[in-house]
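Asker: Protein chains in written order, with the numbering used here: chain A, 364 to 474; chain B, 4 to 113.
Just so you know, these hints were derived from the structure itself, not from any lab.
Ideal placement from N, C-alpha and C gives every residue a C-beta, glycine not left out.
Warning: the hint list may mix true and false statements.
To be verified - Cut-off 30 Å, straight-line C-alpha distance, at most; resulting in silico cross-link-like pairs (DSBU-like, lysine-lysine):
no., chain 1, residue 1, chain 2, residue 2
1, A, Lys393, B, Lys57
2, A, Lys376, A, Lys415
3, A, Lys393, B, Lys105
4, A, Lys415, A, Lys393
5, B, Lys105, B, Lys57
6, B, Lys105, A, Lys376
Stated by the list, open to error - Covered stretches of chain A (chain B as the covering partner; in silico rule of three or more C-beta atoms under 8 Å from a C-beta of chain B):
no., segment
7, 405 to 413
8, 450 to 460
9, 463 to 472
Residues per chain are reported as follows:
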Amino acid sequence: DAGVTQSPTHLIKTRGQHVTLRCSPISGHKSVSWYQQVLGQGPQFIFQYYEKEERGRGNFPDRFSARQFPNYSSELNVNALLLGDSALYLCASSLDRTEAFFGQGTRLTVV
Amino acid sequence: GIQVEQSPPDLILQEGANSTLRCNFSDSVNNLQWFHQNPWGQLINLFYIPSGTKQNGRLSATTVATERYSLLYISSSQTTDSGVYFCAAPTNSGNTPLVFGKGTRLSVIA
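This is chain B alone, in the form it adopts within the complex (with noise of 0.2 Å):
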């Protein structure tokens, strides 16, 4: 099946600065899906994009199919930007809806 990796798996930020995740997939995908997961617990959709950018103010995101990756960036972070990022596919067969990455886990430091 698919794989997810994430990276970084942890991030401190100042608030007020970028910061560029990035999601690796190990085959070709024709969903992908980025979620922030609160304090908790619930996730919260960012984004569904499987090919192209999307933006959402301050949020972004990009996905290269052809290359395998996904990125997701933050600008101008806030500290309630700060929880885990999770980027999650599903495999080809679609037997199995979503495969989740490991996740970053951010902390924006005011």
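Next comes chain A alone, as it looks inside the complex (with noise of 0.2 Å):
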């Protein structure tokens, strides 16, 4: 069975520009959540969906928003990119509160 898998897995970006990251997750999970990792510290907390529907919202600006589609894979967009959004964005998926499983991860550089 294939894994979370996350595309691109390496991005640059000018300072302003949008960007969207793509996750699909392990087949017959519906949970899809999103972190960021910035170099020296834990994964952050984004965004959860489960069954397409938002269940939770960490701590980011209006600048950061997701979907998830009715095949259960997921988008990450990003407005307005800041030097500061550099990071390695992780997604995750689950059953539901069960066991999460992350993907290998989008590095993204912001110039």
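Join the two chains into one complex using the hints; note that each chain is given alone, in its own frame.
Answerer: Rendered as structure tokens:
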């Protein structure tokens, strides 16, 4: 079985641009969560979706948005990119409030 | 929300040595996970251990939920064990799937 897959793996964007990151969960998993990890820190929660509904939102500005599709895949969108948005973005999937499994991440660099 | 603290922040071991990593959490939990982050950034699941003890090869973990801590034991360490180890737990409200500690950076030297 395929694990959690994220695309792209690496991305370079310019300040002010928009970015879309994608995540496909493990087959059968209906919950997808997004995390941001900056260098030297643990991952920070951004969003969780379950059955296409937003279940939770972390302390991130409105420039960050997400959605989940009928096939349970998900997109994370970030508008008006800032240098500080440079980070590793991680997606996790789970059945519900159970063990979470992470993708390999998307490394975003904003220049 | 729940606070998760890990210790030590850094650890250097000689190959073959044993180690214990600690994770303290500020509230009761019904779910706790340990991860190993490899050099490429991927979080590898080690244990899903809300309570009790589990073992997987040279690694084992114990969570004492009533005392709000979990321990990860690494025996006969190998250079491939190097990396950052994270523990994570959800908030009780369930609105935050996982709150992570800052991690323990382990370096195993040959």
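Asker: Taking each numbered hint in turn, which are not upheld by the structure, reported in ascending numerical order?
Answerer: Hints that this structure does not satisfy do not exist here, as all of them hold.
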